[in-house]
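A.B. asks: What follows is each chain in one-letter form.
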Amino acid sequence: MFKKLFITLFIALFFITGFSANASEEVNVYSYRQPFLVEPLFTQFTEQTGIKVNVVFAKEGMAERLAREGKYSPADILLTTDISRLIELRDKDLVQAVNSSVLSSAIPKQYQAQDNTWFALTTRVRNIYSAKRLGKIDINYEDLADEKYKGRVCTRSGKHPYTVALVASMISEHGETYTLDWLKKVKNNLARKPQGSDRAQVQAIHQNLCDISLGNSYYFGKMLKDDKQKVWADEVYINFPNQKNRGAHINISGVAMAKYAPNVKNAQALMEFLVSKPAQALYAQTNMEYPIREGVAVSKLVASWGSYKADALPLEDIAKNRKTALKLLDQAQFDL
Amino acid sequence: MIALYNSKTWKLSSYIIALVLIVPVVVMLVGGVSASTQLFTHLWQTVLPSYLENTLLLAFWVVVLALFFGVFSAAIITQTNIVFKQQLRWLLLLPLAMPAYLVAYLYTDLFDYAGPVQRGLRAWFGWQSPNDYWFFDIRTLPGAALMLALVLFPYIYMLTRGAFEQQDQNLIRASRLLGLTAKQSFFKVALPLARPAIAVSASLVLMETLADFATVQYFSVNTLTTAIYDTWLGYGDLGAANALASVLMLLVLFVVLAEQRSRAGLRHQSARPNSKRELMQLSFSQQLIASIFCWALVILGFLLPITLLIIMAVQYSDVAQLSVLLSTGINSLKVSVFAATIAVVIALSLGLYQRLHNDKYRQIPQLISGFGYAIPGTVLAMAMLSTLGPLDHWLNGVAELIGFTAPGLILSGSIFAIVFALVVRFSAIANGTIASGIKQIPRSLDYAPATLGVNLRGSLTKVHLPMLTPAILVAWLLVFVEAMKELPAVLLLRPFNFETLSSQIYQLISDEMLEQGALGAILIVLFGLLPIVLLNKSKEKV
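Order-wise, the sequence lines are chains A and B.
If you read the first sequence in the working numbering, its first letter stands for residue 1, the second for the next number, and so on.
If you read the second sequence in the working numbering, its first letter stands for residue 1, the second for the next number, and so on.
Wrong hints could be hidden among the right ones.
Per label pair, the in silico range of CB-to-CB distance [said to hold, decoys possible]: (1) A:146 <-> B:134: 26 to 32 Å; (2) A:297 <-> B:321: 28 to 34 Å; (3) A:43 <-> B:397: 35 to 41 Å.
Derived DSSO-like pairs (lysine-lysine); straight-line CA-CA distance at most 30 Å [to be verified]: (4) B:334 <-> A:71; (5) A:259 <-> A:277; (6) A:244 <-> A:59; (7) B:334 <-> A:59; (8) A:52 <-> B:334; (9) A:132 <-> A:228.
What the hints contain is simulated information worked out from the structure, not anything from laboratory work.
Where a beta carbon is used, it is the ideal one built from N, C-alpha and C, also for glycine.
Whenever a hint applies, use it, and build me the whole structure from the sequences.
C.D. replies: In structure tokens, the structure reads:
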């Protein structure tokens with residue numbers, strides 16, 4: 001009897017799972033970006049075009065999944081939260097070039113691949129948050145290693161892509177030896193072991209556990225809009241580092257088309273939609289990111305933080321130094 | 001020992017099932033062989049020794065704490081006369097419904113510098129800054145060990161309690177007649193008799209601890225799991241990740257086998273279990289201590305966290321969240337029910353095969369089908385894609401060859417992959433529970449039906465399965481609850497538009513926004529409670 005039950009169950013399972021959605025007008029997205037950030041965009045896209053958007057969200061492992069799925073992968077579009085992931089997808093030959101004048105004209109040259117394999121959708125700054133009790137400060141990433149901040153610096157894990165990208169940019173600027181030394185000194189300045197998200201660091205400043213933290217720009221806006229987190233954000237200033245020299249470290253969120261995308265036309269339509277003025281405005285207004293398209297205004301709040309100078313380092317260089325950055329982080333035992 | 005039956009189909013299916021379940025493990029081991037030694041050298045010279053030390057310390061403390069909580073609470077409930085025993089008996093199971101990462105988050109919120117506890121202390125004593133006083137830091141290795149032990153001890157409690165309750169009281173009475181005090185008799189007779197159950201449940205706790213990812217990550221305690229993540233997702237070296245995971249698995253296997261060896265040859269069973277128990281009569285102060293011990297576990301492992309969640313839900317939830325919750329809840333339910341049912345059927349089939357069949361190697365299928373438990377969810381997910389991916393490609397190839405349109409990734413891209421992963425991962429739980437249930441059945445009951453001319457089927461349906469009902473229910477419940485909480489495998493294998501409660505909550509937690517997922521978290525806990533309550537109602541004996 002159990003055997004029969006077992007067999008019946010298995011057959012049922014096959015029927016339930018076997019026929020994944022295969023309607024004609026749809027586009028499949030693998031997204032590193034979180035649901036609440038991109039779902040409003042997809043809703044608007046579906047309203048405009050009637051094309052259904054199917055999504056899988058994951059923080060990690062998308063590239064690996066895509067590689068395993070190979071030519072039968074249902075994925076059309078890949079959304080990432082940083083440049084290294086995009087380059088990784090291209091280097092593993094998991095994406096295809098998209099030749100679209102809409103995309104290439106809307107996005108500044110340094111924020112798209114020369115071979116059209118990836119496109120940035122928004123930019124974000126790696127800011128330094130500082131406690132209001134310190135007063136207004138002018139700070140560089142290099143200053144995080146300064147003795148005067150001993151025991152007063154907080155950051156998330158060194159292994160997080162945002163931190164790794166920053167370290168990679170330090171390598172480009174200063175070389176490996178300097179960067180390793182810098183990492184060791186920053187580690188010495190930490191108030192606690194690297195932990196939590198960018199928001200948790202601002203909370204720690206609010207708690208007076210530290211004075212200085214690293215965090216992406218849009219989190220500041222997100223926190224100010226959250227009832228619980230507003231009190232944390234009210235305790236800090238958002239600073240754009242290295243304004244008197246190379247400029248603040250920039251990362252991007254971006255998009256690429258999967259190599260074996262089954263719905264190429266719809267995928268391209270979605271990519272073009274994501275750089276359109278309404279979509280870019282949505283990124284700016286609800287996510288408080290910097291839109292990639294020139295002429296789309298940042299949100300009022302973001303505008304109030306003032307303009308800033310961005311590091312001109314080519315994004316591909318950041319991706320190139322990623323593995324070295326990881327090794328240095330291990331060598332400095334940054335997370336331990 | 002003469003085993004009785006020799007069913008060819010059963011034999012074949014047992015070996016096939018075991019083979020299917022071991023495939024991801026083999027994929028992982030084979031993948032590990034290709035690991036780059038260069039990366040290993042780098043890791044070994046930098047972070048790996050500390051990771052390893054953390055892993056061992058964490059495993060040690062979790063098992064010790066969980067044993068302390070679980071065995072003593074089981075003893076108190078079965079052997080003593082404390083008040084509210086009937087209530088505590090099932091209340092002590094409730095922490096099982098709490099995912100460890102959830103408890104970790106809630107306690108961090110509570111005991112952090114900005115949390116209500118420290119705020120209260122500061123207001124009361126007039127302290128100004130963290131330098132004015134000492135307060136324990138929960139985001140540490142001991143903190144993580146405590147969190148894990150608080151939600152994992154019910155495994156030990158449940159199986160040990162079952163063992164105590166099914167013990168032949170004649171043995172205890174005999175020991176008393178021979179002059180042992182109640183206490184001596186407990187430590188010298190009852191406790192050693194319960195050793196198989198304690199050992200099985202402790203190894204479950206050990207494996208859960210080694211595979212934990214979310215809790216240690218939240219507490220930023222770097223363990224071998226961290227190294228596996230870094231090598232795979234950071235350095236992009238799946239081979240090295242597989243090698244590390246293989247080391248982790250071998251570590252677990254070593255412990256489990258060593259334990260089994262040390263009690264080889266011991267067998268405890270009685271044809272006429274006399275379950276009428278004489279309770280230890282505790283003095284008032286002893287009763288008080290015992291009660292406080294049990295209630296503290298219930299409160300810390302369940303009542304306090306659920307209260308915090310309810311407060312969050314009341315403050316932050318709105319009606320709009322309900323519709324999202326419904327669909328994610330159904331998804332969670334679907335994969336968990338499938339996984340639990342399949343795992344239990346497999347465990348029964350393999351367990352009874354081992355017990356009843358005339359095959360020199362009959363314990364092998366059951367043994368190897370449990371290996372998957374020691375693989376961290378992420379690596380398992382990867383192994384799953386490496387296994388099902390090529391199978392899907394082959395199926396598509398065949399379909400195209402005979403003129404059909406390619407069906408796509410029907411295995412690796414559907415919930416089949418998740419359910420399969422859950423079964424591979426949690427078969428060990430079902431196996432352990434069912435096996436310890438089977439051990440309680442006296443050997444003579446295997447032979448009796450045969451002597452009376454009853455065939456295999458009759459023996460199974462009339463004798464073994466009815467006697468195993470409690471074990472079946474417990475095994476199903478354990479796998480179901482675990483599947484509800486499982487995270488990494490689900491995160492990586494999800495098909496399109498498929499969120500489960502745990503994946504959604506994890507995403508919110510990693511952005512310090514659990515408040516908005518409080519309702520979903522409560523739902524996971526409630527689903528987890530449902531079987532516990534049902535079991536308790538339907539059968540006081542479980």
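A.B. asks: Each hint should be assessed against the structure and marked as holding or not.
C.D. replies: We went through each hint and held it up to the structure:
1. A:146 <-> B:134: 26 to 32 Å: 28 Å Cβ-Cβ, so the 26 to 32 Å window holds.
2. A:297 <-> B:321: 28 to 34 Å: The hinted range 28 to 34 Å holds for residue 297 (chain A) and residue 321 (chain B), with Cβ atoms some 32 Å apart.
3. A:43 <-> B:397: 35 to 41 Å: 37 Å, holds
4. B:334 <-> A:71: OK: residue 334 (chain B) and residue 71 (chain A) at ~29 Å, within 30 Å.
5. A:259 <-> A:277: 27 Å, holds
6. A:244 <-> A:59: Measuring from Cα to Cα gives roughly 35 Å; hence the hint is violated.
7. B:334 <-> A:59: 23 Å, holds
8. A:52 <-> B:334: With Cα atoms ~24 Å apart, residue 52 (chain A) and residue 334 (chain B) stay inside 30 Å; holds.
9. A:132 <-> A:228: 19 Å, holds
The structure fails hint 6 only (numbered hints given earlier).
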